[in-house]
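K.L.:
If you read the protein sequences in the order shown, they are chains C and D. Going by my numbering, the first residue of the first sequence is number 1091, and it counts up by one from there. Going by my numbering, the first residue of the second sequence is number 323, and it counts up by one from there.
In case anyone wonders, no lab produced these hints; they're calculated from the structure. Quick caveat, the model's predicted, so the values are computed rather than measured. Careful: at least some of the hints might be erroneous.
[Said to hold, decoys possible] Straight-line alpha carbon distances no greater than 25 Å define the calculated SDA-like cross-link-like pairs of lysine to any residue that follow:
1. D/K329 - D/F442
2. C/K1219 - C/L1233
3. C/K1192 - D/A344
4. D/K388 - C/F1151
5. C/K1122 - D/K388
6. C/K1148 - D/F351
[Said to hold, decoys possible] Chain D stretches covered by chain C per the calculated footprint, using a threshold of three residues with CB under 8 Å from any CB of chain C:
7. 328-338
8. 353-360
9. 427-440
Using N, Cα and C, we set each Cβ at its ideal position, and we do this for glycine too.
Residues per chain, in single letters:
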Amino acid sequence: MSEPALSGQSSKCPSSKRKPYTPEHSNTWWLKNPAYRFYMMREGSSVLVVYFSLLLLKGLFAVSQGEAAYNAWLGMLSQPLVIVLNIIALLAVMLHTSTWFKLAPKTMRIEIGNFVPSATFTTAVLWVKWFVITLLILGFAVLF
Amino acid sequence: MNNNHQKYVRSNEPIVWSLFGAGGMVSAFFLPAVILVILLVSLGLLDVNLLSYERVQLLYQSLIGKILLITVISLSTWHGMHRIYHGLFDLGQRTGRTMTFYLCYGFALLVTIVGTVICFS
């Protein structure tokens, strides 16, 4: 027969040629949808978290090296670029915290005897604990 | 089915995912307040003496202080590097993933080791 019976067959190799489906992969797939953009923003907060952890590591090293080194680190904190980055880092970390607390209850089943808290309840408890810990840290820094 | 010819390759993902989870909790609870304190001091809204060398030394010299600092710095880094590793895949990296794995988590391990050495040597 001269014409292939099925659309995937070519006349060159009639019994085996097929046209497999290769989906398109774009590196900007995440720009196309608000949910995807939010996801990338959430994951992108990690860069700021690593930045700030390294900043703290630098400070830790400075403390171990004596007063002059530590004061130099303190001085670096007042640089405009560092202040801007820290403000962005604070926003990024708050995004991380809020999305983390919303997600965490969904990843685990919690049953305390007969009490099964809803996801919203667990999120609220996490926020309460966060509030207490934040107050403790702020209080410790200011008052101790 | 027990196939003697196939080798079951275990993934490293659970190890790094656990560290990611721990780091996520630690960074969610502790980092906001720490960043806020540092910001307020560097902006002059809080007295700069609150972060004076003497006060920070007290934290650094105590065992609980060392453990807190190491935990926050190290676990937050593991958390961030896990997200970065998978984020690179989301941004389109398909080849060289093993190298990226070792670079990302090797960096986190390096931060952990450096922090521990600073505190405990």
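K.L.:
Determine for every hint whether it applies to the structure shown.
P.N.:
Consistency of the hints with the structure:
Of the pairs offered as hints, the one joining D/K329 and D/F442 is violated, with about 41 Å between alpha carbons and a cut-off of 25 Å exceeded. With a C-alpha separation of about 20 Å, the suggested pair C/K1219 and C/L1233 falls inside the 25 Å cut-off, and the hint holds. Proximity of C/K1192 to D/A344 is assessed by CA-CA distance (about 16 Å); at most 25 Å being required, the pair is judged to hold. With a C-alpha separation of about 12 Å, the suggested pairing of D/K388 with C/F1151 holds against the 25 Å cut-off.
With a C-alpha separation of about 45 Å, the suggested pair C/K1122 and D/K388 falls outside the 25 Å cut-off, and the hint is violated. Between C/K1148 and D/F351 the alpha-carbon distance is near 21 Å, which keeps this suggested pair within the 25 Å criterion. Counting residues of the region 328-338 of chain D whose C-beta sits closer than 8 Å to any C-beta of chain C gives 0, which falls short of three, so the coverage hint is violated. For the region 353-360 of chain D, the stated coverage by chain C is satisfied: 8 residues place a CB nearer than 8 Å to a CB of that chain, which reaches the threshold of 3.
Residues of the region 427-440 of chain D with a Cβ under 8 Å from some Cβ of chain C number 4, which satisfies the need for three, so the listed coverage holds.
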